[in-house]
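Novice: When you get a sec, could you build the whole thing from the sequences and use the hints?
Heads up: the sequence shown is residues 1 to 199, going by the working numbering.
Simulated from the structure, these hints should not be mistaken for laboratory data. Everything numeric in this text was worked out from a predicted model, so none of it was measured. Be aware that one or more of the hints could be misleading.
Said to hold, decoys possible - Calculated lysine to aspartate or glutamate pairs in the EDC-like style (CA-CA distance at most 20 Å, straight line): (1) K152 / E134; (2) K102 / E70; (3) K98 / D71; (4) K20 / D83; (5) K152 / D83; (6) K152 / D55; (7) K20 / D71.
As the list claims (entries may be wrong) - Cβ pair distances, simulated, as ranges: (8) G143 / E42: 19 to 29 Å; (9) Q164 / D130: 21 to 31 Å; (10) D71 / G148: 32 to 42 Å.
Yeah, the Cβ is synthetic: ideal placement off N, Cα and C, and Gly gets one too.
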Amino acid sequence: MGRDSRRRRQREGRAQKGVKTLIFCQGTRTEPDYLNALKRLERWPHMRVSAEALDPVKAVETAVVKARREDFREIYVLVDVDDTSRSELDRAAALCRKCTNKKLTFNLVVSHESFDCWLYAHVSKGRVPDQSREWFQRKLREGGHLVGPTGKALSGGFPVQRWQQATDNIIELAFGEVGINPASAMGLMLRHLATPTGH
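Specialist: This is the structure:
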């Protein structure tokens, strides 16, 4: 057996020991496209992605049901600020805290104002500017990063591998924090996923 083959098996063996994780997305196209591409790239078999277009509180409630049915240990609920009220986001964050116990950890992962600003951080040459959701979407489409009839599908060539660089280009939020535009807790979540035995 070759050395490269042994190393690959050892690396994959370590990944298999990761914490069973559910990522529940409010967005039903762009976010799952991104996360599934990253899952393949980083070899995170412990991660499952689910999506349903729900308000933040309903998204957390649905994730709670899924977590209990399928024995997940860590749950991340991805939401955008968009037109959602601050009070509703605060309720969703409070519900995550309430449902967290010794066996289950729930985290609300907010992107302000939308997931598009996090995507743009991958291709930005510097700090992500304070712009509207529509501006980010337009720039991503012009760059060929968002494609398809609705302009929400992530292109196959999107540089998901730049996620660590993206964290340097955008304000990082804590879990459950709303913050200001543009900002996201995505980088924090991905670091947790990258070290599944260390959190």
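Novice: Take a quick look at whether K98 and D71 sit within 20 Å of each other, Cα to Cα.
Specialist: holds (18 Å)
Novice: Is the Cα-Cα distance between K20 and D71 20 Å or less?
Specialist: holds (8 Å)
Novice: For the pair supplied as a hint, K102 and E70, is the alpha-carbon distance within the 20 Å limit?
Specialist: holds (16 Å)
Novice: Straight-line Cα separation of K152 and D55 no greater than 20 Å?
Specialist: Holds - the C-alpha atoms of D55 and K152 are around 19 Å apart, at most 20 Å.
Novice: Between D71 and G148, is the Cβ distance one that fits in 32 to 42 Å?
Specialist: Distance hint for D71, G148 holds at roughly 35 Å.
Novice: Range first: 19 to 29 Å. Now tell me if the beta carbons of G143 and E42 are that far apart.
Specialist: holds (23 Å)
Novice: 21 to 31 Å was suggested as the range; check whether the CB atoms of Q164 and D130 agree with it.
Specialist: Holds - the Cβ-Cβ distance for Q164 and D130, about 23 Å, lies within 21 to 31 Å.
Novice: Could you grab the alpha-carbon distance between K152 and E134 and see if it respects the 20 Å cut-off?
Specialist: Holds - the C-alpha atoms of E134 and K152 are around 12 Å apart, at most 20 Å.
Novice: Given the hint that K20 pairs with D83, does the C-alpha gap stay at or below 20 Å?
Specialist: violated (32 Å)
Novice: Hint check: K152 vs D83, CA-CA at most 20 Å. Holds or violated?
Specialist: Given that 20 Å is the threshold and the Cα spacing comes to 18 Å, the pair holds.
Taken one by one, the earlier hints fail for this structure only at number 4.
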